[in-house]
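Undergrad: Here are the chains, one letter per residue:
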Amino acid sequence: MQRTISFTLNGKPTRVTGDDEHTLLWVLRYELGLTGTKFGCGEALCGACTVVVDREAVRSCATRMKDVAGKSVLTIEGLAEAGQLHRIQQAFLKHNAFQCGYCTSGMIMSAYALLEKTPQPTMADILRHMDDNLCRCGSHPRIVEAIQEAAGSRERAR
Amino acid sequence: MKDKQQGWENEFLEVQADGIDRREFLTLTGSGLFLFFWVGPLEAIQEPARLPARPGYPSDFNAYMKIGPDGRVTCLVGKVELGQGSMTALPMLLAEELDVALETVDIVMGDTDLCPWDMGTFGSLSIRQFGPVLRGAGAEARAVLLQMAAEHLGVPVEGLQVKDGVVTSASTGKHVSYAELVQGKRIERHLEKVPLKPVSTFKVHGRSPARRDALAKVTGKAKYAGDIAFPGMLHARVLRSPAHDAVLKQADTSAAEKIAGVKVVRDGDLIAVLHESPDEAEKARALIHAEYERPPTAVDDQSIFEHLLKTAPPPQVLNESGSLADGEKLATTVVEETYLNSYVAHAPMETHSATAVFEKDKLTVWAGTQTPFPVKQQLAQALKLAPENVRVITPYVGGGFGGKSSSRQAVEAARLARLVGKPVQVVWDRSEEFFFDTFRPAAVVKIRAGLGERGAMTFWDFQVFCAGDREAKQFYEIPNQRTASSGGWGGGNPAGLHPFAVGPWRAPSVNTNTFARESHIDILARKAKADPVEFRLRHLADQRMIAVLQAAAKQFGWKPVPAPSGRGVGVACAIYLGTYVATMAEVEVDKATGRVQVKRVVCAQDQGVTVNPEGSRQQMEGSIMMGLGYALSEEVHFRGREVLEHNFDTYELPRFSWLPRIETVLIENQAGPASGCGEPPIVTMGAVVANAIHDATGARLLQLPMTPSRIRTALSGS
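Same order as they appear, the protein sequences are chains F and G.
Quick note: the first sequence uses the numbering used here, first residue 832, plus one each step.
Quick note: the second sequence uses the numbering used here, first residue 121, plus one each step.
These are calculated hints, taken from the structure and not from any lab test.
Backbone N, C-alpha and C fix where the C-beta goes; we use that ideal spot for every residue, glycine too.
Wrong hints could be hidden among the right ones.
[What the hints assert, rightly or not] Residues from chain F that keep clear of chain G, each with C-beta distances beyond 12 Å, as calculated:
#1 Glu-887
#2 Ala-900
#3 Asp-962
[Unchecked claim] Pairs of lysine-lysine residues, derived as DSSO-like cross-links and limited to a Cα-Cα distance of at most 30 Å, are as follows:
#4 Lys-843(F) / Lys-343(G)
#5 Lys-948(F) / Lys-719(G)
#6 Lys-843(F) / Lys-341(G)
#7 Lys-647(G) / Lys-711(G)
#8 Lys-369(G) / Lys-504(G)
#9 Lys-305(G) / Lys-294(G)
#10 Lys-378(G) / Lys-897(F)
Work the whole structure out from these sequences, hints included.
TA: This is how it looks when you write it as structure tokens:
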């Protein structure tokens, strides 16, 4: 159905007019110009398109525009505040927790949702929460270290 | 050296031949000639005139660098950043030779209008093979700048010193900067045979500077080919056949055409729908009603191995020493096994993507590719454009692993952009990515080897089918041996050998060859009732291999016990194009389910001089993690020429819950030339896990991947 959807995007009130069955991922990338959120699989199987909707990590490739009406959407572009990287971004930077970088936005947004709900996650919490975010370059050990650092955890990474 | 050269030439040829008609390609290049020998006059700066000093590469050092009036140096390379860190490591080489501060060096990569020709980013060649080229350019430029400085300052060259791009006369104290000498111009003077700096004087090598791509990648600002967008750009979705040999009988696009704003394009074999909205384009593609005719199914993922043995070309003997018959006479135990591995997908997280724009006659394509220059040639061919009217720009690439050596999506985007007269973006969905992938070939290795009375191997007969000959040759000391190879991942396979395209997959050939060799060595060690490490050391004379194996054993805390010890520990060694690797692993096997958890991996590596230790460790960890996939789960299922994998629900990549404790050991070796580090540690992963599973359970897995069901089967037979 053609209509105007109102939602909060990275803290700003946003209105998008179009088919409300359209995919959040494509609208973010090509109508709103936020290309930090990536397409990887189109079926919510890889996590590259992860954004946070009302504090939950969701796969934007499997989210329709009508599903975000009235909600708050946070993407990688909205994470830094006043030019300051978020502590998760800083930790990813410090640990070189990426190679090709294509899964990185999704990884960071998933980690953000985890720490919002579980500020002190155990190693098992991290592995479980991140398990459906795929990384082909094999940056997993560094991603785990980065999340632990962002959480202030001293548990042995591996 | 000759065969290594041959190796990457084959890789290049295969890259070229894919995506364009092979016959056309051969006509294009002539037999045995490569594209880089015929570049047009307008590309003078990219012309390789002074072979063999910089083989294949431009001779003029200006092609590799520009020194700006502000003193900043721009390093220009045809390599691309796939995640391997070349963007960070290559400027280190230039800064080292040129004597400028690393912080003042910028880099432009993979842009065919700005950068010097390059065949592609693969084979761990960026440091090993391109490194000396870039260093040579830097060294020559520095020598020329010193001459210019001597003339400028009126002093002899001999007394000049350079630091951070400033040349100072030791006697007079007078100084002049590179920027002042060059004044933003191209340097017209050249020198022959300027030596490279000796390793002992290196100041930049061995440091681990911050990755140059870090900030862009953690903020989502890093641009990939699919992130390049233009006003009015259309998203294309191309009609795909269900199998590689299916013939289109008819396609009814009338329903698709009813979608508002859609463009339907039919151009020969290319049927596509385009729309400003990807959602609408996808909807339109789903509405095309197409009928195909498929020939009967010939082979599937079960029958493939028999098919390969039957269809493979006659074996080529790669090396032979001593006499197999004599060796067999000396043997008290003979072990013969057949090792199998399935087709494996590259599965980069970024699917093949390209954005194409025509401005008058000039085509620019932003492509996620490992081979921008070959893609430029492909585009010129396919669209019948003069090469100077084609520009390929490679932004960040979301992983390649060999799979983006072939880049047909770039041609699709360009053809469609011309047909619709607007910028066009092609982003393959995951199903297309699996369908068009150039898989690592399924392969068979047969090994027959013998042990003598004193537990020494007396003969080794190794025959590999369809994986390729790279590093097939034995490196253990065995008096009587033969290595033969038949077919491979490169060109020259008989028609119908593989049901779909195969190609280079991270460390091509060597994952297969190492899995077979190191599994067989373990079987022989068990027969000899020897500890697997001790048995290997007994047969090694190569000091570099001995050193990496001992370094791995020390870090791991290896305790010598013959396998199977029940501990679940394993070892595997390999040499990959000059890099030495020894890997040890500890696994836990759930005997009821057949599931394996790899608990710990230790990898020691000697890659010669290390340019960037931190970058090297990232590559090693990545190789280990990625290698768990082909070891345990990754396998392409197919029926005839239909690929049954469509997404990550059936094709399982390694994930966080698999993460072992990973420890990497870099051997200091200032004497060895810098060899590659992005591939070697992956090659041992199949064998090290197989050997650890055997140590845990006594069961020997002879087929990759070692899925739970194969492990259960092996357990029931052990």
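Undergrad: Going back to the hint list, which numbers does this structure go against?
TA: 3
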